[in-house]
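Asks: One-letter residues, chain by chain:
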Amino acid sequence: MLLNASGCLDALTAPEVARSLDGFVTKTITPEPREGNPPVRIAETDSGMLNSIGLANPGRERFLTESLPRLRELGVPLWVSVGGFSAADYAETCAVLENVEAIELNLSCPNVDEAPESAAAIVAACRAATSLPLYAKLSPSAWDIVEAARAVEAAGADGLSLVNTLRGLALDERTLRPKLGRGTGGYSGPALKPVALAAVYACSAVVGIPIVGMGGVQAGLDALELIAAGASAVALGTILFSDPAAPARIRSELAAETAARNLGHPLDALGAAHSSLQMGVSYSDNEARKKPGNERKVTA
Amino acid sequence: MRRELRKVTGAEQVGPYTLLRVKRGGLDVGVPGQFFMLEAPGRLLPRPMSVCLVAAGELAFLIDPIGPGTRALCALERGEELHVLGPLGNGFDLDVERPLLVGGGIGIAPLPFLSARLSHGRLDSPPAILGFRSDWHAEAASLVPNAEVCVEPTYVTELLPDDPGDLLACGPEPMLSALRARVPDAQLAWEAPMACGYGACYGCAVEIDGELKRLCVEGPVLRAA
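Going down the list, the protein sequences come from chains W and A. If you want this note's numbering, it's the 1-based position in the first sequence plus 1202. If you want this note's numbering, it's the 1-based position in the second sequence plus 41.
Only chain W is shown next, with the shape it has when bound in the complex (with noise of 0.2 Å):
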């Protein structure tokens, strides 16, 4: 199953790229409405981006009055994204959401305060609120991710959505001031891989609940090696921004990477990189193998 990153797409300005999808992920919606973070807003880095949106949204009104009948016209399956400065916040919104796919909570966005309570705090009122499936997408920064993983779980999370951005700093060359109006800003692309690969690992091992692997994912084997990881569905990030394209490629490739090795489904990977089993490409140029140290044992 293939998402956007929240914040990643509008569906409603592209249309056509939310339908390539299997379920499209809203931007974070807030009670209050939010013009969001002052320009400079994104900034390429090495090996990344920096982005400082800082939530903006319409606010809860208008997008359950406005947004929310307009996406519904799309015929995709909705993800909304909740965010808020307190547990309630959080809750007052999952309360007045429905017949939506499901919800994911923002509890880690690098560019606004965050709210004083804890993850595990925040799902367990919207559990409260709400009976819709809840995914918790949590901070690659959080001091313990794992016991972050744990503690949502156990207070009533459906799913884990890993990983949201790192915080990251870019200079302007000249002036070696902040190139974003708000300084810092959250860290993508390409270098978040390894993070995300970590987190879902890490996470996948101690919890029962299906995880959403996100974090530069750039073809169809960054895809692979996530459900290797332990995540079950993959979302697209920044690469969504330089290719619109990249769900219809990104799928083909996917389906090609699961036919090398001989796998009826990208997800019979699923946890592939957790097992004692060695899960090889089947080269067509045997000389990969013949190298010295590099002898693989390919499973059928």
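Keep in mind that the hints were calculated from the coordinates and are not lab data. Small disclaimer: the values here were computed from a predicted structure and weren't measured. Ideal Cβ placement from N, Cα and C applies to all residues, glycine included. Do not rely on the hints blindly, as some may be mistaken.
As the list claims (entries may be wrong) - If you want the footprint, here are the derived chain W segments under chain A, 3+ residues with CB under 8 Å:
1. 1206 to 1213
2. 1229 to 1242
3. 1253 to 1262
4. 1311 to 1320
Using the hints provided, position chain A relative to the given structure of chain W.
Replies: Relative to chain W, chain A alone:
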């Protein structure tokens, strides 16, 4: 919406800028003031560039190499390929009676295409006023016909006639703000850093009518008033 690989047909220096020529193929060139996202090989994100010139079989972009992304675009050579996505955004309204083009620095980029389109059915190219930081930068004025050129410390606003007619302008923010104050119904093409160009990233937010809005969706050409 699909980005496409296009071959570079040429790259020439115009003062400090590079005029990057790209094979057009079946690309819709759009309206002057619209832009394409151009992605040099090896870069993570594309850069928004307005169409500068449309010639037989090719289109050209005027690029100022101010950072790693634009430097990579300027370093492209004939025969190399880049990704292009567009045309995007809203261009100039060409239904004008007495056009006057105003450009500042790299902001002259959309004016050659704009001038050509506005010349259709007219005897002459529309008049233009161009301002630059130095004589070197002012070499780019050769791309815009019928232009009066000034170099700092003279500003374009000093050359603006009392009755400017239909003003269409692109340039740095202080220039556009000064023009907006003088000519309330001017069409102004603004600039902002963008990651996507199609409304996904919310990176290009600028204040429009007192609210932060996405320049790629609402603009980049906006009415001053």
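Asks: Each hint needs a verdict: does it hold in this structure or not?
Replies: The hints, checked one at a time:
1. Given as covered by chain A, the stretch 1206 to 1213 of chain W passes the check, having 4 residues with a CB less than 8 Å from a CB of that chain where 3 are the minimum.
2. Residues of the stretch 1229 to 1242 of chain W lying with their CB closer than 8 Å to a CB of chain A number 5, which satisfies the three-residue condition for coverage.
3. Check on the stretch 1253 to 1262 of chain W: 3 of its residues sit with their Cβ under 8 Å from a Cβ of chain A, so the three-residue criterion for coverage holds.
4. Proximity of the stretch 1311 to 1320 of chain W to chain A, defined as three or more residues with a beta carbon under 8 Å from a beta carbon of that chain, is not established by the 0 residues found.
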